[in-house]
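**Student:** Just so you know, the sequences run in chain order D and B.
Numbering-wise (my numbering), the first sequence opens with residue 1 and increments by one.
Numbering-wise (my numbering), the second sequence opens with residue 1001 and increments by one.
The hints are simulated quantities; they were obtained by calculation from the structure and are not laboratory data.
Since this is a predicted model, take the numbers as computed values, not measurements.
There's no promise every hint is true.
Using 20 Å as the maximum straight-line C-alpha spacing, the simulated SDA-like pairs for lysine to any residue come out as follows [as the list claims (entries may be wrong)]:
1. K57/D / S27/D
2. K57/D / S1098/B
3. K57/D / K1071/B
4. K1071/B / S1052/B
5. K1111/B / Q44/D
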Amino acid sequence: KAGVTQTPRYLIKTRGQQVTLSCSPISGHRSVSWYQQTPGQGLQFLFEYFSETQRNKGNFPGRFSGRQFSNSRSEMNVSTLELGDSALYLCASSWTVFDQETQYFGPGTRLLVL
Amino acid sequence: AQSVSQHNHHVILSEAASLELGCNYSYGGTVNLFWYVQYPGQHLQLLLKYFSGDPLVKGIKGFEAEFIKSKFSFNLRKPSVQWSDTAEYFCVVSPPRSGGYQKVTFGTGTKLQVIP
């Protein structure tokens, strides 16, 4: 099976702009989670989508939003970008067997905000 | 509150040395435990996982981890490291999903540098 794919891989934006990141999960995986990874804060959970519904949400401002489509692909949007939004954004899709859930990560989108 | 602590932020070893990376978590109930590895320039990969049963779990590339419930620990071990093990290692804790809700917590990571 193909792994989790994320596009684009690199992105440069300026403050105030908005950005949309895309994630395609492993075929058959219905849950998609998003994380932000920075050197100072490490990996922080943004939100999770399952069957087109947001199931869990981390502690990020409303500028961060997401959605999931019927084919389980997910997008993440950040509006009014700030310098501190520069980070590696990771997507993970989950596979559950008898309540045992494992996340598989994509390569990430590296966002630089100038 | 659920938390994960990785005490060693940066570890330097010579090839063939033995490795043990510490991971302690804070959570009162049942937990699922994972170790992920991030090689330079690559994405996070699952090394091993523990859900239940034998507390000694074996993963890929010769890694293993032991779950000690009384110590709230899930330390990662490898008897003999190679230069190719140079990477950042993350311990991850998540309780079983309850009512759809699940909190996944990552440790801060341990950077391992293996010197040839």
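**Student:** Which of the listed hints are not met by the structure?
**Tutor:** Hints 1, 3 are the ones this structure does not satisfy, whereas the remaining hints hold.
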